[in-house]
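Novice: Residue numbers (the numbering used here), protein chains in the order written: chain A, 1 to 390; chain B, 1 to 609.
Misleading hints may appear alongside valid ones.
Derived pair list, reagent style SDA-like, types lysine to any residue, alpha-carbon separation capped at 25 Å [unchecked claim]:
id	chain 1	residue 1	chain 2	residue 2
1	B	K527	A	A363
2	B	K73	B	E179
3	B	K525	B	V543
4	B	K527	A	Q353
Cβ-Cβ distance ranges computed for the label pairs, FRET-style [unchecked claim]:
id	chain 1	residue 1	chain 2	residue 2	range
5	B	K386	A	E217	46 to 56 Å
6	B	T552	A	D131	33 to 43 Å
7	B	A404	A	E217	26 to 36 Å
8	B	S314	A	D131	33 to 43 Å
9	B	G582	A	R293	41 to 51 Å
10	B	I547	A	N233	43 to 53 Å
11	A	N233	B	N591	39 to 49 Å
12	A	N40	B	I588	55 to 65 Å
13	B	K386	A	E375	50 to 60 Å
14	A	D295	B	G582	53 to 63 Å
Please keep in mind that the hints were generated in silico from the structure rather than gathered at the bench. The beta-carbon is built from N, C-alpha and C at its ideal position, and this holds for glycine as well.
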Amino acid sequence: MKEIGPVRPVSLYLHFPFCVRKCRYCDFLSGPASEEERDNYIDLLCREIRLRSSEVPGQVDTVFLGGGTPSLMTAAQMRRLMECLSDAFAIFPGAEISMEVNPGTADGEKLRSFRESGINRISIGVQSFDDEELRLLGRIHTAGEAREIFRAARAAGFANINLDLMSALPGQKMDTWEHTLREAVSLGPEHLSAYSLIIEEGTPFARMQLPALPSEEEDREMYHFTRQFLAQNGYRRYEISNYAKEGYACRHNCGYWTGHDYLGLGLGASSFLNGERFKNPDAMDQYRESVLRGDIAGLQQEKELLSPEEQMEECMFLGLRMTDGICIEDYQSRFGEPVEKRFGEVIEKHLRQGLLCSGTVEAGGITQHRLALTEYGLDVANYVMADYIL
Amino acid sequence: MTDNHYDSIRRRTRNFCIVAHIDHGKSTLADRMIERTGLLTSREMQDQVLDNMELERERGITIKSQAVRLVYKAKDGVEYIFNLIDTPGHVDFNYEVSRSLAACDGAILVVDATQGIQAQTLANVYLALEHDLDVFPVINKIDLPSAMPEEVKHEIEDVIGIEAEDAPLISAKQGIGIEDVLEAVVEKIPAPEGDADAPLKALIFDSLYDSYRGVIVFCRIRDGVIRKGMPVRMMATGAVAEVVEVGYFGPGQFIPCDELAAGQVGYFTASIKNIKDARVGDTVTENLRPCEEPLPGYKRAQPMVYCGLYPADSAKYPDLRDALEKLQLNDASLFFEPETSLALGFGFRCGFLGLLHMEVILERLEREYDLDLISTAPGVVYKVYKTDGTMIELTNPSNLPDPAKIEHMEEPIVSAEIMVTTEFIGPIMQLCQERRGRYLDTEYIEATRAVLKYELPLNEIIYDFFDALKSRSRGYASFDYDLKGYETSELVKMDILVNKEPVDALSFIVHAAGAYDRGRRMCEKLKEEIPRQLFDVPIQAAVGGRIIARETVRQLRKDVLAKCYGGDISRKKKLLEKQKEGKKRMQIVGNVEIPKEAFMNVLKLDAGN
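Please take these sequences and the hints and turn them into a complete structure.
Specialist: And the structure:
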């Protein structure tokens, strides 16, 4: 018999797999397509939304529209999509509804329309405020255009804006990175994401003759500078690469690190629902077929039911991405056993090695005990997290 | 039965072996002879019947002696009994070779018509001549375009000094000239001598362990008769047993018969449980009517090369022990005893006849017993003379006494003969010099070929000498050696320290003059093999507490994935699982996590120069 209890809220991820042109470092499932293809895709996505709403019995508390470049959508397409979404799901009135915006694909009017359709948070892919770096990355916009789109977003009524930035770029030095950070902060966004570049296999970057990449030392110097500089400017690092003003941490992304359920919709989108991981087909034909046939099983590829141990592993290595780490009382109530049972020895070792720290947090009169990575622990997070694989 | 019967069989018997340099076609010729005498049709025959270990077939070498009885009806109309004894073909097994030869009365010398005489040709022929065997040559591979049969004949006559004018010209591969070889066996190899009435005197030339019958003893009857039910005694080991079965060798099978008499070659079983009770070289006699003297030449094969063997997965330690025990059932010269290493855990110190023997055992352990092994650097047996007048034979560098208590040390020296075409004499002499060789002589075989004679420390040739020889002579040089004895040498123990802790598995004995180079190389290579840790890790080479080389593995600065969102989690987990797997294969030494392969790679690289 299925246990009946309060139904947990779910997050939705919607994938828009099209862009104007592939950036040189990008290994996401994305590529250029014709206007017609994009429109057909929105139809398909709407069909999938209607088809799969039954998988989510409760409320939806966050929605994230990612890509590709979702801001390539027309105002009309967005309206269609959002209407379909609110028809199919019970979206919580205070839900966080984010989308990614490429500065080269939107203007004030479009953004206003997106806002009217229900989007309340945007994440602008700025990456750099240095035009030379932007060219190298293969971005389709300039630093100036990024600034313009930010102002346009504000004018369109967006009160929650993130800027995506990239450090450790080929040829990048501390001064250009500092310039990018200063420019970003001067715009006053609520949230900043700053990623160290990873050169992924199969991307042009992996094949190209590039200016020298910063050394590990330089990379870490940039990373540590970022934390200090942003802290001075009111942004707290709450995850390895994410910084926010008080109250503006991205709820959708935090869900990924805290075991929140999410349903992925659209080409290749991943889901985690009721302890199962699965994902939509990566191939458009297969995705289309499954949606048109109403074949939910075909949309649940690589399905894998996580054992309690696997959920514990994930709880640890995902939770430790956040600077507040893991609440050991939450762990105990989720798994019905103390965290020490499986991980006591490892935790002990990591505390001794200065990779982990423990502390207490007072929240609503309740004392929480938390375990979090130290600064060095964050630098070598993979090394630490591997020890939590059972 | 009458003496006449025994004599008649004896006169029609020919006991012989085939000697050759590796790849000159010994096994192929044996196959053709078996085929031609009708024992097996070629369709039934698996190639090279006599080399029956998979490994032997792959490497084209013979490790265990094999024997087969063939019946050949000669042109004179008489049916002859041929006992063809296949001898091991490598210097590591010289003692086994010598015992197999002692079971023969003659030998066929196979020489490749395209290559002529090689180092092992000479070594094996000399060995055969030492055992008073009548040797006749055959020239093989005459079907090849580059065959030079006339030149090779002259070479045989000039260099070895045996008649070669009417040597059969054959191609074992194509089956050409096999009949001539069979006729030559009848004519040129003498019938065995021996007295069937005398007390039993038989030579053990090999043995095999069978889980049902116990040890199967391969023997050549010199005098007397061995038959079922007879109590027999092994004269050197003193073991007594009652014969359960006697028989002779069919191709790939044992064929029981009533008895074996003087001059014959065959086997017996006597419920002997341990191969050490029936050692190669021992003399079998009748327990109640023993012969007066055992046959000469018995000696126990002594391991010359030692190394530590450890399972990569420590849980496999019992499996490794079982596998070694099983191999030892068939290989009395394999030595092992338990040892413990801080770096590698529980394992065994193993002794081998030589490097090839070691390689063969390692391969068999990995292949036949599916074990993943780590071996420490092979070393030789050093004699350590202590100030208190005692001497210890050192097989494990970790057991070296305190240097203050050492008076002097000795290392084993071999006499080596290297055959090489004259254009490579320079590079080969240089190689020998690098390996602390002492030049003795150069003998020219012909205008373009010479034998270089050197004395070399065994320690210097057990690593990669053979490979170096091949690479510096474009594959032309061939090499053979014999243990000469022990000599005083300036030897030191080198320790490798990781994070200031000595790694026992990496300690080795080295000549003082080569210590610095070797230490530096080890440190450099270890640096590449040790993953970065949470702190700087010094790697040092030390001789007697003095650091002679140092490298540093820098602290791990960054190992983090910047992004991990919904779609990345499964992939991220796979990465972490892989990382965890890697950690599991780590051994902790001095607070440092070192992958077990690192030891192996460093030791391998150390050999690679």
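Novice: Please go over all the hints and tell whether each is borne out by the structure.
Specialist: Hints, one by one, checked against the model:
no. : hint                        : result
1   : K527/B x A363/A             : violated, 49 Å
2   : K73/B x E179/B              : holds, 11 Å
3   : K525/B x V543/B             : holds, 18 Å
4   : K527/B x Q353/A             : holds, 23 Å
5   : K386/B x E217/A: 46 to 56 Å : holds, 52 Å
6   : T552/B x D131/A: 33 to 43 Å : holds, 41 Å
7   : A404/B x E217/A: 26 to 36 Å : violated, 46 Å
8   : S314/B x D131/A: 33 to 43 Å : violated, 58 Å
9   : G582/B x R293/A: 41 to 51 Å : holds, 43 Å
10  : I547/B x N233/A: 43 to 53 Å : holds, 50 Å
11  : N233/A x N591/B: 39 to 49 Å : holds, 40 Å
12  : N40/A x I588/B: 55 to 65 Å  : holds, 58 Å
13  : K386/B x E375/A: 50 to 60 Å : holds, 55 Å
14  : D295/A x G582/B: 53 to 63 Å : violated, 40 Å
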